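A.B. asks: Listed here are the chains, written in short residue letters.
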Amino acid sequence: MSDSLYAQLVGLSGGVLLLSAVLIVWRRSISAEVRLLAVQGGALAGLVTVLGVNEGSTELLVVAGLVLTLKVVVLPGLLFRAVARHGASLREETPLINTTTSLIALSLLTMLAFLVSRPLLVLGDDPAIAAVPIGIALVLYGFLVLATRRHAFSQLIGFLVLDNGIGTVAFLTAGGIPLVVELGASLDLLLVVLILQVLTARIRSEFGDADLDDLTELRD
Amino acid sequence: MALSLVRLLRLIWTTGRVAEPAPPAPEPTPGRPSALAGSVQIRHVDAGSCNGCEIELGAAFGPVYDAERYGARLVASPRHADVVLVTGVVTRNMLEPLRRTVEATPQPRLVVAVGDCARNCGVFAGPYGVAGAVPDAVDVDLEVPGCPPEPQVIIEALRKVTGR
Amino acid sequence: MNAEAAVLALAQVVAMVALSPLLVGMMRQVRARLEGRAGAGALQPWRDLRKLLAKETLQAAGTSWVSVAGPTVLIVSSLLVCAMTPLLGTVTFTSVPDDLFVVVSVLLIGTVAVALVGLDAGTAFGGMGSSRHMTIAALVEPTVLVSVYALSIPVGSSVLSQIVEARLDDPASVASPVSLLALLALAVAVVAETGRLPVDNPSTHLELTMVHEAMVLESSGRDLAWLELGSWLRLGALLGLLSTLLMPWGIATELSAGGLLLASGALVAKIAITGALLAGVEVFLAKLRLFRIPELLAGSFVLAFLAVTASYLVVQA
Amino acid sequence: MSAVGLGLEAQLVLAVVAAIVATWAPPRLRSTLAGVVSAAVGLTGAVTGVLVLAGSRGRIEVPTSLPLGDVGLDPSPLGGFFMVVAGAVGAVAAVYAIGYAEGPAASRAAWASLPVFLAAMQLVPAAADAVSFLLLWELMALASTSLVLTDHRDRAEVRQAALWYAALTQLSFVLLLLGFAVLVVDAGGVGFDLIGSLDPGSTSASVAFVLLVAGFATKAGIVPVHVWLPRAHPAAPSHVSAVMSAAMVKMGVYGALLVCLRLLPTGPAWWGLLLLAFGAVSAVYGILQASVTSDLKRLLAYSTTENVGLMFLALGTALLLRSVGVGGPADSAVAACLLLVASHAAFKCTLFLAAGSVLHGSGERDLDRMGGLGARMPVTALAFGVGALGAAALPVTAGFMAEWALLQSLIHGARPEDRLVAVAMPVAVAVVALTAGLALLTFVKAYGIAFLARPRSEGAAAAHEDGAWTMRPAMLVSAAAVLALGLVPGLAAEAVTRAGGVAGVGRVGGAGLELSGVGAQLDPIALSVMAALLAVPVLFVSRAAARRRPRRQVELAWGCGGVRVSPRMQYTATSYAEPLARVFDDALRPERDIEVTHTSESRYLVERVAFRQRLDDVVEERSYRPVVRLADRVGLAARRLQNGSIHRYLGYSFVALVAVLVLVAL
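Residue numbers (numbering that gives the first Met the number 0), protein chains in the order written: chain A, 0 to 219; chain B, 0 to 163; chain C, 0 to 316; chain D, 0 to 665.
Just chain A, same shape as in the assembly (with noise of 0.2 Å):
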């Protein structure tokens, strides 16, 4: 591979991360943010495929395919099945903050990202490298999600968002997190979004409603 076309995929993989998180906060419809997940995921899958390449790494293409089935087929598959038992239109309607506030945190939050990476630079002018920035964003993109939305699922998105920006730097960085490690830390998230999915079904028979605002009485 060329290191010209090797650029452009990292970059455009990288866009491609990034616009589907800006896009997740953006929408409203959770269908719609589960659906840009799934695209996150592609890009993420599609970004180690490169770096696998760039490397000649069998193991890092192995990964990749993880990744993907993991990330585009299977996680967003449950959350979609999920979500279609809770009506298919169900709408995160009134987040902690409003959207637009939520657009205009989101550029600061990449500057940011952009800033405290600035100390990365030491570790060479790899485009890989340069991408790093990327990663961090989405790690507070969704934290942000994470910390702003009432919605049991958007906070789940959230929490998805966050990870997929950790294994982005893990990947940039390191060419790849030890695949058991991956591994371990995948299986770790769906069986969390699976004991999520059960909770919230379960809340849900019981309350009508999954609004963690609302869940905050069941202390008493």
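If you are wondering where the hints come from, they were derived from the structure by calculation, not from laboratory data. Heads up, a few of these hints could be off.
[As the list claims (entries may be wrong)] Label-pair ranges, simulated between beta-carbon atoms:
| hint | chain 1 | residue 1 | chain 2 | residue 2 | range |
| --- | --- | --- | --- | --- | --- |
| 1 | C | Gly155 | A | Arg117 | 18 to 24 Å |
| 2 | B | Ile54 | C | Leu167 | 53 to 59 Å |
| 3 | A | Val72 | D | Ala586 | 39 to 45 Å |
| 4 | C | Glu3 | A | Phe142 | 54 to 60 Å |
| 5 | D | Asp584 | A | Arg90 | 20 to 26 Å |
| 6 | C | Thr252 | A | Arg90 | 47 to 53 Å |
| 7 | A | Val72 | B | Pro20 | 51 to 57 Å |
| 8 | C | Leu276 | B | Pro22 | 31 to 37 Å |
| 9 | D | Val540 | C | Leu276 | 28 to 34 Å |
| 10 | A | Ala83 | C | Gly155 | 48 to 54 Å |
| 11 | C | Ala268 | D | Arg542 | 32 to 38 Å |
| 12 | C | Thr208 | D | Ala636 | 56 to 62 Å |
| 13 | D | Leu538 | A | Arg90 | 52 to 58 Å |
| 14 | D | Val323 | A | Arg90 | 43 to 49 Å |
[As the list claims (entries may be wrong)] Per the computed footprint, the stretches of chain B lying under chain C, defined by three or more beta-carbons under 8 Å from a beta-carbon of chain C, are:
| hint | region |
| --- | --- |
| 15 | 7–15 |
| 16 | 26–37 |
| 17 | 66–75 |
| 18 | 78–92 |
| 19 | 97–107 |
Please read all numbers here as calculations on a predicted model, not as lab measurements. Where is the CB? At the ideal position from N, CA and C, for every residue including glycine.
Dock chains B, C and D against the given chain A, drawing on the hints supplied.
C.D. replies: Coordinates of chains B, C and D only, in the frame set by chain A:
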């Protein structure tokens, strides 16, 4: 959204053109202002109609009859209009607003009375709330008979003005 | 240099005056066809314009010189934008470069003129339209300037003709993430500035939903003609600029009769494509609630900002 | 003695003369005589400033009876620039005041304070050392406080405003005193030249920088120490507001420039970042408040915060870029800052004078009650219109050229290698853009609601502008300056080059501006000529159409055929800004109150709806109120300490003495 987008695309594709072929152009009315050739903007005033004429008017500007293809267009302000299209009898409450609307329309302008009520009070002749037919309130240049008039007839009248 | 620039500017003005009404007519025609209607034909805006110039102009008592001068100011500002933007060629005046800040400011003169016309008559709807119009204009501004900033970083200049020339030299840069993100953001800004769906519905009759139309409710005759032509020219110039940035090919880098002819052909094709695309997309959109518009604009602002960040990453890589 | 020295002395002498004339002249002649001499003070200041900018120097020592030594005056080119600005604004405002001043504003005290205020303000930038600077600064503060208090008898809010102003202006003085003290200790002398040789990298330099900038920011009205501005400007008579807003707050900017360019010229990057951040916040916050307020003078005051914010932003950009070695764009940023100073002085002076004329002619200061003033006060409308164009930064006015220069330096300052700059520049561009957009809305609102449409109150309906003949020429001269700075900015290039000590600002074409450091140029005259040429065919077609069908007057505007057409149905300033206030709900936190009264017969029928909206300054509400409350509480607690018993007071003294002795012993 993605689904509805596909559905809308398919709808557009399968429906195609619904506008009926244009009938031959009628003779232009004698004495029609030449400035209005090919382009007529219409301000519609409901002076007290039963809404029958409004339905027909809506149909005339809908996709099937498509009055816009002859250069006629509905506008929001009489300042933009060339034709004041009046439907219904003129009720007492609408007498002054109707006059003002016609006054507010720049020259050259035409007033078109659509429907029998507008022409001669039709079935609403006589009650205390009715001030009269449109010709009693303002000068009318063109009349469209019918109760309600069919869309083709309304369009024919408009085509006499646009000349298309 | 300046003589050539003058010829080019004149050519651009003439071309845009001829083309913009056709563009609007074509866009209405595309929409009509997609809705299953026959449509009034692409020439209809020209017929409307001719008729408006032949009609009487009314002026309500209590209105000031603003109602008289506003429409003229709008059209002159639109013509100036047409003269300054690189639509047919990249030859510019030395002392009045087609710096995007200047172009945007000239556009804003027109914006202000219309807003004042809306207020002048002292009607409720005029004030309402003017207020909404200015709110949107104020919120669009950051997106426009930041996306221009993103486009200018790789070139090192905010002069449009230089940006276009740089894109001609390096066609790959057109498809770079920086350029695509910035152009997307700019496209949203253009849609908002020119009052197209989903920000404003140009064909509405319902006063309460109006933005641009509400301001011109009081204008008639040639005032209305200038207001209409002015906003069409604005649409034409902005779409032309957008399509030139997206597809810089065919534009004349130096002045010659053949080059100008080729550039005109290219311009017609480019504007037709973008216009048809815009009209096609509009069929699928409904007007946004007024208080959802800031969301759209904030989104486009994020895109512009991402473009800036992306440009840094690209420069480094 | 040199011409400059003569000019400096003349200002002092004329100020004293004016104060004496104001005190002794008979009331009938007081305004005319004192006004003429005050104008002479301003004019002399402006001429002296021009001389300094032209390259001549001159130093005078004014003996004082203070132990600190004499007041030394030796204006640098930077000082000269600000002398021109302050002097010109002062002269115009003084001429205006001849016709405008009446009632308390024409009193002995008011007329005596004005020339003192003008002279002190014009001499602040001439000060050659820290002590002279502080003395003149304090004199300026005192004289201006007395002017703010002019109307204290009739309006309670004036007393309140003066209190706020006095408190903050003294805070500013204390900060400056501390800041200069740090520098003077380090340098071993009070002279600015001596201080200028200090090493800006040291910790004490940074401490002094923060103290001084905080002090100057307070004077300049930077958020969060801006709170005196929106109170003092509406409270003071309009010509005083004009001088304060157009010239006095600039002394804060002058101070910042003095520190950043002359005293501590090569500071670390965070200095620039600090200025940039505060400038950006002030710019956005100021214009946001301005856009939603409907008191005309308050609106103008907030717009001053916005413009000063832009000046600080420009200065911060310059410092930041210099610290990373980007020379050309940094120089343009300094030039932009100075252009902003000049243009803001011109248009804000015009706007305040016009607002005063509106107040004078209609008795209204609330935009919601104005309307239709354009037909009743044509000269005021013209002046306000030109000033508003300048404030909205539209071509071809002064404001536009300044903002263009600022944006050029921001765009060309982009340095992806340095991430700090890389992040700061686009944020600054976004801030400037949002500010420009909101300024546009604000001034369309101000002009459109006040001068167009129909009058919304009896005062507005009866407005007139006859009498007071000096007000009109003053407004027109000021408005002409707005246009002149916009049309021939090249003529100011030389002054900016000298004052800022920058390279790469020049003249191009007729009198266009060239920023060769960033490779940008613009000739506004050529732009205007192009516009005029394009207007010819349009006007030709209009004429031809008009010949066939002339314009016809009709009685009523189109109101959907409605029979009742009342001016109350028009949009007001509040409703105009309503969408914006809603968009920025989180930042502005308006209090809305809707009260619906139903008729007694049925609760489905509404008798009346009352809508109230209160927009308080969020910063004031959140940060000052708690401090004021705390002070109140401390005061109450302290009262317990003093119960009037002489024994207790003696006891306090005794305890204090013992404490000191113990401390010394340790």
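A.B. asks: Next step is simple, just say for each hint if it's right about the structure.
C.D. replies: Hints and how they fare:
Checked against the hint of 18 to 24 Å, the C-beta distance between Gly155(C) and Arg117(A) comes to roughly 23 Å, which is consistent with it. The supplied range of 53 to 59 Å is met by Ile54(B) and Leu167(C), whose beta-carbon atoms lie about 56 Å from each other. Distance hint check for Val72(A) and Ala586(D): the Cβ-Cβ separation is about 43 Å, which falls inside the suggested range of 39 to 45 Å. Between Glu3(C) and Phe142(A) the beta carbon distance is about 56 Å. The supplied range of 54 to 60 Å therefore holds.
Taking 20 to 26 Å as the suggested C-beta distance range, the pair Asp584(D) and Arg90(A) conforms, at roughly 21 Å. At about 51 Å, the CB distance of Thr252(C) to Arg90(A) agrees with the hint of 47 to 53 Å. In this structure the hint that Val72(A) and Pro20(B) lie 51 to 57 Å apart at CB holds, the actual value being about 52 Å. For the hinted restraint 31 to 37 Å between Leu276(C) and Pro22(B), the CB-CB distance of approximately 34 Å keeps it satisfied.
Look at Val540(D) against Leu276(C): about 32 Å separates their beta carbons, and that is inside 28 to 34 Å. Under the hint 48 to 54 Å, the C-beta atoms of Ala83(A) and Gly155(C), about 52 Å apart, fit the expected range. Take Ala268(C) and Arg542(D): their Cβ atoms lie about 36 Å apart, and the range 32 to 38 Å holds. Between Thr208(C) and Ala636(D) the beta carbon distance is about 60 Å. The supplied range of 56 to 62 Å therefore holds.
In this structure, Leu538(D) and Arg90(A) meet the distance hint of 52 to 58 Å, their C-beta atoms being roughly 54 Å apart. Against the hinted window of 43 to 49 Å, the Cβ-Cβ separation of Val323(D) and Arg90(A) comes to about 47 Å, which satisfies the hint. Counting residues of the region 7–15 of chain B whose C-beta sits closer than 8 Å to any C-beta of chain C gives 4, which meets the bar of three, so the coverage hint holds. With 4 residues bearing a CB less than 8 Å from a CB of chain C, the region 26–37 of chain B meets the requirement of three and the coverage assertion stands.
Here's how the region 66–75 of chain B fares: 8 of its residues keep a CB closer than 8 Å to some CB of chain C, so the rule of at least three is met and the hint holds. Residue count for the region 78–92 of chain B with a Cβ under 8 Å from a Cβ of chain C: 3. That meets the three needed, and the coverage hint holds. Beta-carbon proximity to chain C at under 8 Å applies to 4 residues in the region 97–107 of chain B; the threshold of 3 is reached and the given coverage holds.
Of the numbered hints given earlier, the model fails none.
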